[in-house]
Amino acid sequence: MKMLSKKDRREAGQGYLFLLPALLVLGVFVIAPILYAVFLSFHKVELIGGATYEFRGLDNFMKVTFDDRAIIALKNTAIYVAIVVPTQTFLALVLAASLNAGLKGQKFFRIVYFLPTLTSSAVLTLIFMWMYNQNGLINYVLKFLNLPTYNWIGDPDVALIAIMIMNIWATAPFFMVIYLAALQDIPDSHYEAAELDGAGPIQKFWHITVPNLRPVTSFVVIMGLIGTFQLFDQSYIFSGGSGGPNNSTLTVVLLIYQYAFKTLGTMGYATAIAFMLAIIILVATLLQRKFSKEESLY
Amino acid sequence: MKKRTAGRKALYVILVVYAIITVIPFLWALSSSFKTLGEIVSGSINFIPKEFTLDNYKQIFTREPLFGRWLFNSLFIATVGTLLNLLFNSMAGYALARLSFPGKKSIFLMILAVLMIPFQVTLIPNFLILKELGWLNSYQGMIIPGAVNATFIFMMRQFFINFPKEVEEAAAIDGLGRFGTFFRIVLPLAKPALAAQTIFVFMAFWNDFMRPLIILSDQDMFTLPLGLNSFKGQFISFWNYIMAASMVFTLPIIVLYAFFNRYFVKGIKFTGDK
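Line order of the protein sequences matches chains A and B.
Numbering-wise (numbering that gives the first Met the number 0), the first sequence opens with residue 0 and increments by one.
Numbering-wise (numbering that gives the first Met the number 0), the second sequence opens with residue 0 and increments by one.
Simulated from the structure, these hints should not be mistaken for laboratory data.
None of the values given here were measured: they were computed from a predicted structure.
Be aware that a few hints might be false.
Claimed, not checked - In silico DSS-like links for lysine-lysine, alpha-carbon gap of 27 Å or less:
#1 A:43 / A:203
#2 A:6 / B:164
#3 B:130 / A:5
#4 B:104 / B:49
#5 B:190 / A:43
#6 B:104 / A:6
#7 A:74 / A:43
#8 A:106 / B:49
#9 B:190 / B:164
#10 B:104 / A:5
#11 B:130 / A:261
#12 A:203 / A:106
#13 A:203 / A:62
#14 B:8 / A:203
#15 B:103 / B:49
#16 A:289 / A:261
#17 B:103 / B:190
#18 B:103 / A:6
#19 A:62 / A:74
#20 A:203 / A:74
#21 B:8 / A:106
#22 A:74 / A:289
#23 A:103 / B:8
#24 A:142 / B:49
#25 A:5 / A:103
#26 B:190 / A:5
Sequences and hints are given; from them, build the entire structure.
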């Protein structure tokens with residue numbers, strides 16, 4: 000190791016001083032908890048009085064395979080991800096392409112579309128629960144259109160769909176803004192060339208807009224995967240914390256919450272599920288990268 | 000040319016229909032917050048209240064005496080948390096961009112690695128650590144673990160790397176030390192990056208549901224999302240109150256957006272899902 004000059008030493012000291020608060024917080028509340036989580040996931044944890052730990056090896060990880068509620072939670076989450084991610088991505092793309100067409104009132108639409116992004120998940124969920132009420136606004140509209148009405152909150156067949164609709168509505172505009180920024184970078188000359196070849200608006204969308212946005216789509220899909228796998232607030236508020244009716248809105252994170260804080264002695268098991276979720280998210284992200292075969296811009 | 004205007008009309012239809020779909024839930028909530036309970040229960044579908052009343056807004060503060068307290072808790076935690084983030088993330092980003100010291104590269108890589116970890120993994124150990132510190136049910140328990148954000152350390156580093164060195168050199172010639180330069184010269188010039196950070200960090204604190212749910216157990220420590228949830232449990236069919244409370248909760252964010260909206264698109268690229 001080479002000796003540092005006095006000036007270099009002073010600069011190094013300043014560097015550490017500037018980093019100190021960040022390193023302290025990240026160390027105590029991110030790095031240490033990861034190691035702690037590894038430890039917890041191999042133990043049965045009891046929290047009566049002080050915490051006691053009992054080593055259980057891989058038991059917590061094996062338990063998932065015969066835990067019915069864990070399997071239901073995983074299935075619900077998988078269905079939710081598989082429907083919400085493609086739908087919100089496509090909707091975001093269509094909205095962004097429409098907004099980018101240089102029409103008047105762009106700014107106005109942009110502000111309006113941004114309202115759901117600004118609003119908290121708790122408020123959005125309450126507003127939708129009010130609209131999903133048995134004789135609420137949504138059933139009224141359905142009846143008006145001669146469509147069947149549902150008990151959106153109480154019927155296990157539709158409760159998860161109700162949350163999907165709400166979240167697609169809430170997150171698509173956020174991703175639209177990301178698309179919008181990228182759309183402005185596509186050179187006009189591409190479109191002009193296509194027009195000379197006689198391409199219509201739909202052809203231009205599929206043959207120029209979509210391929211040019213591929214790296215951004217990759218980013219949007221990954222962000223969508225991470226967000227949807229972590230669904231919690233909406234399920235919790237919708238079902239009052241139970242994941243009901245009949246476990247139909249039980250998600251993996253809600254299950255982790257219940258095992259960690261609502262039932263006794265299952266905190267280690269909850270940590271093991273959290274690790275498995277982290278791995279699923281990581282694998283999904285890597286697969287998406289591999290399939291899109293594009294270096295992400297971000 | 001005719002075909003072109005038809006296309007434009009189709010686009011307008013898409014935009015307008017979607018704008019209506021976006022706005023209706025908010026208008027419906029707003030209108031419900033001005034209705035009487037009788038009108039709410041009757042299940043009538045009208046956006047203009049038959050009997051316009053401001054009573055719900057008064058009632059939520061009197062019927063639920065803690066409502067004002069929840070509002071204060073949310074404002075306090077989000078404001079202090081945001082200020083600490085602005086300071087700490089900028090300091091860390093500046094050190095990583097501008098100063099040289101042993102171990103810098105590994106610290107930077109560690110911060111990048113932190114970005115990849117889903118928060119559920121650290122959630123349970125965090126609870127136990129806060130319990131050990133005696134910080135459950137406290138402001139510091141809500142603020143300190145969120146006082147630093149790896150995403151924005153990264154963003155600030157990128158910002159300071161492109162920052163003109165000459166400005167700092169001039170400050171040094173004028174006799175300012177490292178800290179003076181940072182606080183008096185560099186930080187004030189970083190306003191656009193700080194504005195983007197302010198919006199996203201404030202929103203994350205303000206809207207957070209899961210962390211307060213785990214950390215806060217006393218009613219009078221609740222933040223608004225938790226308060227709203229318990230309020231809903233108490234007044235389950237009083238949708239006029241619930242909607243009024245929801246509107247009070249949404250207003251501060253809309254005001255913040257009005258002030259900072261031009262920084263939104265810049266900032267949005269750096270953050271993840273809500």
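These are the hints, each one checked on the structure:
no., hint, result
1, A:43 / A:203, "violated (59 Å)"
2, A:6 / B:164, "holds (18 Å)"
3, B:130 / A:5, "violated (43 Å)"
4, B:104 / B:49, "violated (65 Å)"
5, B:190 / A:43, "violated (49 Å)"
6, B:104 / A:6, "holds (20 Å)"
7, A:74 / A:43, "holds (26 Å)"
8, A:106 / B:49, "violated (33 Å)"
9, B:190 / B:164, "holds (17 Å)"
10, B:104 / A:5, "holds (21 Å)"
11, B:130 / A:261, "holds (16 Å)"
12, A:203 / A:106, "holds (24 Å)"
13, A:203 / A:62, "violated (52 Å)"
14, B:8 / A:203, "holds (17 Å)"
15, B:103 / B:49, "violated (65 Å)"
16, A:289 / A:261, "violated (39 Å)"
17, B:103 / B:190, "holds (25 Å)"
18, B:103 / A:6, "holds (17 Å)"
19, A:62 / A:74, "holds (16 Å)"
20, A:203 / A:74, "violated (38 Å)"
21, B:8 / A:106, "holds (18 Å)"
22, A:74 / A:289, "holds (24 Å)"
23, A:103 / B:8, "holds (12 Å)"
24, A:142 / B:49, "holds (23 Å)"
25, A:5 / A:103, "violated (62 Å)"
26, B:190 / A:5, "violated (33 Å)"
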